[in-house]
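Novice: The lines below spell out each chain.
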Amino acid sequence: MPEKTRNILTEAVTSGDRRSIFHRYGDRPSYSGKEKFIRWLLASMGHLTVMVTVSIILVLLVDALFFFEKASFIEFFTGTKWEPFGQPKKLGVLPLFSGTMMIAFGSCMVAIPFGFGSAVYLTQYASPRFQALVKPVIEVLGGVPTVVYGYFALTGITPLLKVVFPEIQVFNALSASIVVGISIIPMVSSLSSDAMNAVPNSIKTAGYAVGMQKFHVVTKIIIPASTSGVIASFMLAFARAVGETMTVTLAAGSTPNMSWNYLEGIQTMTAFIVQMSLGDTPAGSIEYYTIYAIGLSLFGVTFLFNFIATTIVKRFREVYK
Amino acid sequence: MTRKTRYQIYGILFQSVCLIANFSALFFLALVMHDVLVDGWEGLSFDFLTGYPSRKPENAGILPAIVGTIYMMLLTAFIAIPTGVGAAIFLEEYSQKALFINFVKLNIQNLAGVPSIVYGILGLTLFVRGFDLEIAGFSLGMGRSLLAGSLTMALVILPIITISTQEALRAVPESFRLAGFGIGMTRWQVIRYQVLPVAMPGILTGVILSLSRAIGESAPLLMIGALAFVAFLPANPMDSFTVLPIQIFNWASRPQKGFHDAAASAIIVLMLLLLIMNAISIIMRAYYNSKLRDLKN
Chain A
889 MPEKTRNILT
899 EAVTSGDRRS
909 IFHRYGDRPS
919 YSGKEKFIRW
929 LLASMGHLTV
939 MVTVSIILVL
949 LVDALFFFEK
959 ASFIEFFTGT
969 KWEPFGQPKK
979 LGVLPLFSGT
989 MMIAFGSCMV
999 AIPFGFGSAV
1009 YLTQYASPRF
1019 QALVKPVIEV
1029 LGGVPTVVYG
1039 YFALTGITPL
1049 LKVVFPEIQV
1059 FNALSASIVV
1069 GISIIPMVSS
1079 LSSDAMNAVP
1089 NSIKTAGYAV
1099 GMQKFHVVTK
1109 IIIPASTSGV
1119 IASFMLAFAR
1129 AVGETMTVTL
1139 AAGSTPNMSW
1149 NYLEGIQTMT
1159 AFIVQMSLGD
1169 TPAGSIEYYT
1179 IYAIGLSLFG
1189 VTFLFNFIAT
1199 TIVKRFREVY
1209 K
Chain B
1400 MTRKTRYQIY
1410 GILFQSVCLI
1420 ANFSALFFLA
1430 LVMHDVLVDG
1440 WEGLSFDFLT
1450 GYPSRKPENA
1460 GILPAIVGTI
1470 YMMLLTAFIA
1480 IPTGVGAAIF
1490 LEEYSQKALF
1500 INFVKLNIQN
1510 LAGVPSIVYG
1520 ILGLTLFVRG
1530 FDLEIAGFSL
1540 GMGRSLLAGS
1550 LTMALVILPI
1560 ITISTQEALR
1570 AVPESFRLAG
1580 FGIGMTRWQV
1590 IRYQVLPVAM
1600 PGILTGVILS
1610 LSRAIGESAP
1620 LLMIGALAFV
1630 AFLPANPMDS
1640 FTVLPIQIFN
1650 WASRPQKGFH
1660 DAAASAIIVL
1670 MLLLLIMNAI
1680 SIIMRAYYNS
1690 KLRDLKN
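So the protein sequences, as listed, match chains A and B. For my numbering, add 888 to where a residue sits in the first sequence, where the first one is 1. For my numbering, add 1399 to where a residue sits in the second sequence, where the first one is 1.
These are computed hints drawn from the structure, not numbers from a lab. From a predicted model like this one, the values you see are computed outputs, not experimental measurements. Be careful, since some hints might not be right.
[What the hints assert, rightly or not] Each computed PhoX-like pair below joins lysine-lysine, with the alpha-carbon atoms no more than 25 Å apart: (1) A/K958 / A/K969; (2) B/K1656 / A/K1202; (3) A/K922 / B/K1496; (4) B/K1403 / A/K1102; (5) A/K977 / A/K1092; (6) B/K1496 / A/K924; (7) A/K969 / A/K1108; (8) A/K1050 / A/K1023; (9) B/K1403 / A/K1108; (10) B/K1403 / A/K1092; (11) B/K1656 / A/K924; (12) B/K1656 / A/K1050.
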């Protein structure tokens, strides 16, 4: 074996880094033009994903700046009235923000108990056969298009709620929250399952070895040991609920208000963006640029939550490696 | 009661609570299906499938929506699959700068979490309006066309395809690559003949998964202005169009009960399309797996 090859292999084996093998062994100057072309083509595709992020941020920022040229920055973030079509216009985003938070919190109230509960059952109690049968069915719940959930909220849940709360409005935050919650159960369930499966078996068996019962192994070992991953799954679900669009547009109405009354209609940030795109607001008007300011806020909130959650998951994986 | 039996009772209670949570999730699914089937089953007919939208709910049909959905899926797949798979191959098999790879991976993960409506805003600005730029009197925008919609949708599913392809590539054993290099294959030959055939079932699963996400996604298309009242079939990529989810949204947001039932019927068609796509993915995966087994024997 030539000395150079041996050195590369030795280094790869000792450092445990598989990349070092090919990245020096695979790229040789004798490569043909075709090889180089393919490499260039694939590299440009790899860079495209970065370009997408950059263009999202650029588009939102530039046009949001147009908006803030004409509207007050302070009013936007502190104003409690959202009447972009009124005279005079009132452009405070807080009512839309509170609507979004109502849906996000409400849906987490539904998704977290059911998602977490089914994750505990599937990973700790269920037989492998039960798991193989039930897990895909729960995944189907996550694959149902959101517009179908919107229809379900409007025609399935709201009439049921009317029996319990006769004063409920046709468009209300409660039915939208419940249904958005149902739609994110699979997300909570599968990510929490991953976190619980990542708990090393040795800790679990150690619990049994000192005479713990299954109940205590689950509640005092598995659940505490997987807390960070489980919390990350809640955060991702929260971010999903913040960005949820079709269900809330169909079922939660289009009346921005800050009442925090789940029986009334509200409007979320996403639902307002849809409302704007359905109407025929002339491009260039201040109303038109509201979608960019709101889109930017939406992007910021979801980005923050996703970033924290993925960081937690990453650190968590490293701890148990 | 001894402490032991008390804890045993707690254990049984806890287990049943978790089991109930589990079955509730299944119950919700059944509830959604039941709601849709009860409202929509009667409206399903040949006339409904081959008809055009109408002002009267009993005459309404979904042919333009079905055709629009199929066209859009084909265009989206044509744009997103090569790009997403290519990006994943570059990240897993070519790129060697650890810092850059980590940055791009983080970026893709975050892209997958961006609400789809934000992609809609991007598509509206970039593809439909073309930044309002004009070159020699021609607008850079594509208008509210099928092509603009497909490009937007391709952006939505790009991160999903890339992430699942990366996972499939990572699952290919190193020995396969080393064997290829060992007999003097070039990098691309190793990828083409060693890595891709083994990773294919995983890649296909991811692709179908992302396409079934795209088929039901409506928020970004609503943003870029897919119309709900299209009385013709799109003939070329620059035509305006509608898709099933938009049609459903439009009917569901009207007050009349008749339109709600039409929406339910359209939902059944949409769910059937999804079911067919998932069945195809299972069959394709089985086919590739059996081919791999032949290779190994």
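Novice: Against each hint, give a clear statement of whether it holds in the structure.
Specialist: Comparing the hints with the structure gives:
no., hint, result
1, A/K958 / A/K969, "holds (17 Å)"
2, B/K1656 / A/K1202, "violated (49 Å)"
3, A/K922 / B/K1496, "holds (23 Å)"
4, B/K1403 / A/K1102, "holds (12 Å)"
5, A/K977 / A/K1092, "violated (61 Å)"
6, B/K1496 / A/K924, "holds (18 Å)"
7, A/K969 / A/K1108, "violated (48 Å)"
8, A/K1050 / A/K1023, "violated (33 Å)"
9, B/K1403 / A/K1108, "holds (16 Å)"
10, B/K1403 / A/K1092, "holds (19 Å)"
11, B/K1656 / A/K924, "violated (61 Å)"
12, B/K1656 / A/K1050, "holds (17 Å)"
Consistency note: the structure conflicts with the earlier hints numbered 2, 5, 7, 8, 11.
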